[in-house]
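Engineer: Chain residues, written in single-letter form:
Number of protein chains: 2
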Amino acid sequence: MELTNIKDLFREKEKYQGRKVTIGGWVRSNRDSKNFGFLVVNDGTFFEPLQIVYSSEMPGFAEAARIGVGAAVVATGTIVETPGAKQPIEMQAEEVLVEGASPADYPLQKKRHSFEYLRTISHLRPRTNTFQAVFRVRSLAAYAIHKFFQEREFVYVHTPLITGSDCEGAGEMFQVTTLDLENVPKTEEGKVDYSQDFFCKPTNLTVSGQLDAETYAFAFRNVYTFGPTFRAENSNTTRHAAEFWMIEPEMCFADLTDDMMLAESMLKYVIRYVLDNAPEEMAFFNQFVDKGLIERLEHVLTSEFGHVTYTEAIEILEKHNDEFEYKVHWGSDLQTEHERYLTEKEFKRPVFVTDYPKEIKAFYMKLNEDGKTVAAMDCLVPGIGEIIGGSQREDKLELLEQRMEELGLNKEDYEFYLDLRRYGSARHAGFGLGFERCVMYLTGMGNIRDVIPFPRTVKNCEL
Amino acid sequence: MELTNIKDLFREKEKYQGRKVTIGGWVRSNRDSKNFGFLVVNDGTFFEPLQIVYSSEMPGFAEAARIGVGAAVVATGTIVETPGAKQPIEMQAEEVLVEGASPADYPLQKKRHSFEYLRTISHLRPRTNTFQAVFRVRSLAAYAIHKFFQEREFVYVHTPLITGSDCEGAGEMFQVTTLDLENVPKTEEGKVDYSQDFFCKPTNLTVSGQLDAETYAFAFRNVYTFGPTFRAENSNTTRHAAEFWMIEPEMCFADLTDDMMLAESMLKYVIRYVLDNAPEEMAFFNQFVDKGLIERLEHVLTSEFGHVTYTEAIEILEKHNDEFEYKVHWGSDLQTEHERYLTEKEFKRPVFVTDYPKEIKAFYMKLNEDGKTVAAMDCLVPGIGEIIGGSQREDKLELLEQRMEELGLNKEDYEFYLDLRRYGSARHAGFGLGFERCVMYLTGMGNIRDVIPFPRTVKNCEL
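Here the protein sequences line up with chains A and B, keeping their order.
For the first sequence, counting from 1, position 226 maps to 226 in full-length UniProt numbering; every step adds exactly one.
For the second sequence, counting from 1, position 419 maps to 419 in full-length UniProt numbering; every step adds exactly one.
Chain A on its own, in the form it takes in the complex (with noise of 0.2 angstroms):
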C-alpha cells in the first residue's frame, strides 16, 4: 500500500501542507459531535499521533463515529496546518476505512495503566506512548552503537551462543540439552551420558562473548560483539534479567588509557544519536518519567569524565562510611551506594575507577606494575552507578598461566585463548556494556522488564 509516515507528515509539514494523503494506524481516541468527529491515530512511525477530522457530509459518518479505540484504520484526506492548536497539523478526512474493529474489551483504553498491569499484556503494551517511545529509543540506540564502531572500521563479530565452556566461571549458567529429562540416559557408571546428547557434551549458554573476542581482535585489531548473554541468577531485582544483550568491543595494540576513551566517546555517541533522533521521546521521558533526564544527558555530553583509582576512591568513601549500609575498606568490592556516591556526590559527571585488587577482578586482568591491583576500569554514572566494566588483559603468557593456576582454572580449556599470548601477543584491552542498563539510563525508565520486549526473569518466561 502507497501510505504516507506520519513523520512526515510532522517533520516536513510545509511539503505536506494542502496536500492529499493516505495513512495507516491505530486509534487512540474518537469522539463526535453533531456535525464532526475527531479520530486521533498513531501509525507507529512517531511520536505523536495524527488527529483527523470528519464531518457529517462524509459518506460513511455514522460508521467513523462508531470506531472503537484500538482499531486498525487507513484514512484518506488533505493536510492541513492548525496555528494556534495543540497539533500542528491535522487531516480532513475525505475517507476512513475500517481496517481491523476493537471491540470494548480491548485492554487498551484510553486511561493510565500501571508499568505492573501493563507487564501481564507485553504483546499489547508497546501500543501505549511509554513503551512505544522505550522500544523507539531502543532501537535507535542500537543503530547508534553500529553506527559508531562501524565508522570507526571496528568488525562486528557474532560470538556463540551455545559454549562448551563456562569460561569466565562467571554466574550460575542454562544448560542447553536434547536430552529427554524424563529419562535422562545413562552411562554404565550412573552418570548422564552425554555421548547422546546433540553436541556430545554439555552445553551452557554463553554469559559473555569476551574470550572469542579477543581471539577476532588479533585477526582484525577492533572488533566488538553485540549480541545476547545469559544468566541463571535466582534473582528478582529491577536490574536483573536472565537474558540481555550486551556490547563487547575488543581493541588490540590498545592500552587501559584507549580503554577509557572509547568508552567515553561512545557513550557519548549514543547520547547525541538519541537526543537528535527521538527528540518527542525524550521529551515524553523527561516530562513523565524522570525529570532532569535531559539536563543530566545534556551535562555528561559536555562534560569530560572523571578519572580516580580504586585506592583513592576508597580514601574518599571511607570519610562516609556513616552513611553506607556496606562500610568500605581497601580490597571490598564497590556497591551501587558506593558507586552512586562517587559520580553523583564527588565528582557530579560519569567517573572512572581504575585499578581494581586483583582478588575481586576475574583473571584475565593484567597485572600492574604494584602486583596487587589490576589494569581495570569501571565507569559509574549518576542514576545507575556502573554502566561499563572494562579492563587491559593479560598479554604475558606466564603471568596469565599463573593467575589461573592461583584461581585452580583448568588450562586445558583455555588453549585457545592462550595461543593468542604465545603467537602473536599483543597488549590489549576492551569493555562491556549492559545494553539494557543503557537502555534505562537513556530513558530514565526504572525496571529492566520495561526495557525489553519481552522480558525473562526468575519464574517469568511469558509469550
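Be a bit skeptical, because a hint or two may be false.
Said to hold, decoys possible - Distance condition first, Cα-Cα at most 30 angstroms in a straight line; then the derived DSBU-like pairs of lysine-lysine:
1) Lys-191(B) / Lys-201(B)
2) Lys-15(B) / Lys-86(B)
3) Lys-147(A) / Lys-13(B)
4) Lys-396(A) / Lys-110(B)
5) Lys-459(B) / Lys-411(A)
6) Lys-361(A) / Lys-372(A)
7) Lys-7(A) / Lys-20(A)
8) Lys-191(B) / Lys-86(B)
9) Lys-7(A) / Lys-268(B)
10) Lys-358(A) / Lys-396(A)
11) Lys-147(B) / Lys-15(A)
12) Lys-7(B) / Lys-147(A)
13) Lys-186(B) / Lys-201(A)
14) Lys-186(B) / Lys-147(A)
15) Lys-268(B) / Lys-291(B)
16) Lys-396(B) / Lys-459(A)
17) Lys-268(A) / Lys-147(B)
18) Lys-186(A) / Lys-459(B)
19) Lys-7(B) / Lys-111(A)
20) Lys-147(B) / Lys-13(B)
21) Lys-34(B) / Lys-111(B)
22) Lys-191(B) / Lys-459(B)
23) Lys-361(B) / Lys-268(B)
24) Lys-191(B) / Lys-396(A)
25) Lys-396(A) / Lys-7(B)
26) Lys-191(A) / Lys-86(A)
27) Lys-345(B) / Lys-327(B)
28) Lys-20(B) / Lys-201(A)
29) Lys-191(A) / Lys-191(B)
30) Lys-345(A) / Lys-319(A)
31) Lys-327(A) / Lys-348(A)
The set of hints was computed from the structure by calculation and includes no laboratory data.
The hints should help you fit chain B onto chain A, whose structure is shown.
Structural biologist: Just chain B now, kept in the frame of chain A:
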C-alpha cells in the same frame, strides 16, 4: 596508542606520501638479504598487507631479521609510493618493535591450508586471507541490513531467545534448563518437576522471532529482528547449523507485493553495500573461491526479479522431471534442485515463487481466495536456491482459528497472537532471511561452517 590504519594508507595514498606514521599489526612474511629486509604486515583494517622495508642501517636490524611469521610488531617509518611495484606503497622503516613474538610452531606458517584443517583452529583462522575476507564481509553485510531498515524507519526489536512455547511447531528444539541432569527432580506422579526449574516450566531456544515481531508490528507498523535462532536438527550438511542468525522484518498495512518489493530492495542494497565497501575482499572471492561471483551479483543489481506462481512453476518443472532426482507434481515441496533450475536455467536471475499449496506452508499464512493456496513467497537466487521465505499473514480471526484447529494447534498457547486479530487487525506481511545463507551468497563460500566464527553443528561445539 596512536596508530594509523593500513586501510587509510592505501585509500589515501596521496595524503600519506612522504609522511611518517606508526602501524601495528601481524607479520605475514619476513625475508632478508644482506642489506635489506622485507616484512609483510597485516593490521586487520585492510585486506592488503603493507610491505615494510628495513635496512641494515636501522638499529635492531639483526632482531628484525629474526622476526617470525605471526609476530605482532609496531613499526614506524615513512610511506612512499612505489610505482610499478606489485604494491602501490611501502613503508621505509625507522624502527620495528616486536610487541609479541611468534615461535616456529605457529600453526599458520605461510602456505595454503585446507578449510577442513582451518576449522580445527577456529580461533586462528581469521588471520588467514580467506577468513579475514569472509568475516569482514559478514560484518559489513550485517551493518548494511541495519542501515537499510533504519533508513526506512523500521524499528529493531530484540525478540527473546528463551521461549516457553514451540510456536511454529517447526523443527527440533534445544531445551534450556537449570535442573540437575544427574538428578532430575520428579513430582509425585513421576514426571519432571518443572516447578523447580528456573522459569517454573519447560523452556526452549527459539526457532523464529516472527510471532513476537508481529506483536511489535502492530505498534510500530514496520519492524525487524536480527538475532540468533536455533535448530536441533540432526543434519550434517554444508547448509545446516544448530545456531544461526536470522533477519525477520514484519510490516503492517502491507500485502505480499509489498513484501516482495521489500525483499528485493533489501538484497540489492546489501549486495551494493558489500561491493562498494569491500572491493578487495570481493575481488579475492571472485578470483579464488567462486569465479563469476561479481558478475553474478552485478547482474542481480540490474535485474528485476522474476515472478512465477507455484502452480506455473510446477508446470515448468514437470517438463524436466527426467532431469531431477525428486520428481515434482502439484502439491510437492520444491527441493533445492528444482529451485536452482528455476532461477538458473529458466529465469537466469532471482525469482519469487508465490502462492504455494497451504498444506506445505505454515499455519499463519494468509489463505488465498481459491481456498487451496496461501499468499506465500520464496525468493530463489542462482547458486543457492531459496534465500528468503515470507508470506502475508492471516489477519482474519476466524480463518486463523480454523486453520489452527485443522492442524491441532493448542489455541491457548496462541492467545497473544489471536489478540492481534481481535484488536485492530490489519493486513500484514513479513519474511525471514537466514543471515549465513546470505553471507554464503555474497562470498561464494560453500560451507556454512566457514561463514560462522565458531560454528555449532551436530556433535560439534568447540570453543
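Engineer: Quick one, are Lys-7(B) and Lys-111(A) close enough, alpha carbons at most 30 angstroms?
Structural biologist: Outside the cut-off at roughly 56 angstroms; violated.
Engineer: Below or equal to 30 angstroms on CA atoms is what counts here, so check Lys-7(A) against Lys-268(B).
Structural biologist: Holds, because 26 angstroms separates the two Cα atoms, which is no more than 30 angstroms.
Engineer: For Lys-20(B) and Lys-201(A), compute the direct alpha-carbon distance and say whether it is at most 30 angstroms.
Structural biologist: violated, 53 angstroms
Engineer: Decide if the proposed pair is consistent with the structure: Lys-396(A) and Lys-7(B), CA atoms, cutoff 30 angstroms inclusive.
Structural biologist: holds, 29 angstroms
Engineer: Please work out if Lys-191(B) and Lys-396(A) have their alpha carbons no farther apart than 30 angstroms.
Structural biologist: Roughly 52 angstroms between the alpha carbons, so the hint for Lys-191(B) and Lys-396(A) is violated.
Engineer: Hinted pair, alpha-carbon criterion (30 angstroms max): Lys-147(B), Lys-13(B). Please report holds or violated.
Structural biologist: holds, 29 angstroms
Engineer: With a cut-off of 30 angstroms on the C-alpha distance, tell me whether Lys-268(B) and Lys-291(B) pass.
Structural biologist: holds, 20 angstroms
Engineer: Taking 30 angstroms as the top limit, are the C-alpha atoms of Lys-361(A) and Lys-372(A) close enough?
Structural biologist: OK: Lys-361(A) and Lys-372(A) at ~11 angstroms, within 30 angstroms.
Engineer: Are the Cα positions of Lys-191(A) and Lys-191(B) separated by 30 angstroms at most?
Structural biologist: Answer holds: Lys-191(A) to Lys-191(B) is near 20 angstroms, not above 30 angstroms.
Engineer: Are Lys-191(A) and Lys-86(A) close enough, with their CA atoms no more than 30 angstroms apart?
Structural biologist: Between Lys-191(A) and Lys-86(A) the Cα gap is close to 70 angstroms, so the pair fails against 30 angstroms, i.e. violated.
Engineer: For a C-alpha distance cap of 30 angstroms, please report whether Lys-396(A) and Lys-110(B) respect it.
Structural biologist: Holds, at about 25 angstroms.
Engineer: Holds or violated: Lys-327(A) and Lys-348(A), Cα atoms, limit 30 angstroms.
Structural biologist: holds, 22 angstroms
The structure does not agree with the numbered hints 8, 14, 16, 19, 24, 26, 28 stated previously, though it agrees with the rest.
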